[in-house]
Amino acid sequence: MPRIDSPARAIARNVLVVAGVVLVLYVIYLLRKPLSWLIIAAFIAVALAGPVNFFQRHMKRGLAIALVYFGLLAIPIGLGAVLIPPIVHQVSDVATNAPHYVSDIEDYVHKNRTLNNLNEKYDITQKLNEEAAKLPSKAGDAAKVLRDIGFGLVSSIFAGVSILILSIFMVASGPRWVEQFIRMQRPEHAERIERTLQRIANAVGNYVGGALLQATIAGFSSFIVLVILGIPFAGPLAVLVFVFDLIPVVGATIAAFLVAIVTAFVDFPVALIIWVVFAIVYQQVENYLIQPQIQRRATKIEAFIVLVAVLFGSTLFGILGAILAIPAAASIQIAVQEYRAYRAELEGAEQEAGGPRPAPEVT
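Each residue of the sequence shown is one higher than the one before, starting from 2 at the first, in our numbering.
Mixed in with the good hints there might be a few duds.
[As the list claims (entries may be wrong)] Label pairs and their in silico Cβ distance ranges: (1) I78 to S174: 20 to 30 Å; (2) E348 to Q292: 50 to 60 Å; (3) H190 to V25: 39 to 49 Å; (4) Q285 to K34: 31 to 41 Å; (5) V282 to Q352: 52 to 62 Å; (6) S174 to G231: 45 to 55 Å; (7) A75 to Q292: 18 to 28 Å; (8) I78 to V267: 46 to 56 Å; (9) E348 to T217: 44 to 54 Å; (10) E353 to A13: 45 to 55 Å; (11) I78 to E346: 42 to 52 Å.
Simulated from the structure, these hints should not be mistaken for laboratory data.
All C-beta atoms in this analysis are idealised placements derived from N, C-alpha and C, irrespective of residue type, glycine included.
Go ahead and model the full structure; you've got the sequences and the hints to work with.
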């Protein structure tokens with residue numbers, strides 16, 4: 002006869018199960034940072050597996066991995082070397098020439114009757130002069146801010162290096178790990194698991210490559226327009242557009258708004274109007290022409306799922322999480338599709354065999 006648990010034993014078992022789940026969740030919470038690094042490293046490894054496999058056709062795998070990761074590191078280093086010196090120089094010029102800029106504003110205000118009346122009422126230009134005179138004395142505060150930024154930058158560099166090292170190990174040993182995992186499965190499941198993993202890898206690789214190409218087109222187009230308009234910091238602003246364009250759904254709009262603020266200060270309203278018109282037109286072209294052509298090989302996902310995935314990803318991992326949200330959603334969707342196909346095959350096999358054996362009637 003089957004053993005019937007006493008109420009006390011059942012309660013104790015349930016308490017132990019709940020305590021175990023709480024303990025596991027608490028450990029996951031404590032390890033949330035390295036776990037997030039592992040997740041990010043896994044997506045980087047999957048995204049770079051395609052270029053590594055391409056170069057592996059012509060060289061050893063270790064050399065192919067080194068070449069791909071050297072190129073990955075060279076991109077931010079090169080951008081920093083090109084963009085940081087002019088930004089520092091321009092910021093220094095703004096601080097030094099601030100009184101001169103205020104003088105120009107005063108001249109413009111005095112020539113405009115409406116602005117002159119507002120200035121006499123609220124004494125705006127005098128306050129601007131006072132703040133401009135304080136800029137050189139605030140160098141010490143700026144140094145403290147730069148120091149804090151430096152500490153945060155060191156922490157970010159450490160996290161980035163750790164993630165890259167983890168992804169290198171995954172790229173180098175990933176195929177062997179996958180092969181061993183597939184060998185551990187039953188023969189009737191191994192083929193489907195291998196196909197699922199391959200579909201996920203293709204979807205992630207296609208999406209990441211397409212997103213980079215799409216963001217490059219957006220950044221380059223913006224750079225051309227900003228140069229034509231004579232906007233300063235055209236290079237850094239183009240890089241800003243590139244980075245935000247990687248964020249699905251809202252990234253391009255945020256970048257366009259930030260650049261519009263700069264254009265409003267440089268040449269109002271002509272440059273602002275031209276930039277807004279360009280941003281609106283380009284986003285339509287990107288949404289209905291560029292993006293479908295680039296991402297047509299990637300797994301298609303419903304717009305609602307894209308938005309939810311971006312919100313969850315950005316909450317968990319910030320900007321990088323928003324970028325990786327769609328590949329993660331695509332991977333989950335592929336896994337669900339394969340599982341549903343597997344269940345459909347089982348039901349079809351049962352019907353061909355005469356259906357499941359009916360349960361005996363209880364008399």
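Verification of the supplied hints:
1. I78 to S174: 20 to 30 Å: 27 Å, holds
2. E348 to Q292: 50 to 60 Å: 37 Å, violated
3. H190 to V25: 39 to 49 Å: Violated - the Cβ-Cβ distance for H190 and V25, about 26 Å, lies outside 39 to 49 Å.
4. Q285 to K34: 31 to 41 Å: Holds, at about 40 Å.
5. V282 to Q352: 52 to 62 Å: 55 Å, holds
6. S174 to G231: 45 to 55 Å: 52 Å, holds
7. A75 to Q292: 18 to 28 Å: 27 Å, holds
8. I78 to V267: 46 to 56 Å: 29 Å, violated
9. E348 to T217: 44 to 54 Å: 47 Å, holds
10. E353 to A13: 45 to 55 Å: Holds: the Cβ-Cβ distance is about 47 Å, inside 45 to 55 Å.
11. I78 to E346: 42 to 52 Å: 50 Å, holds
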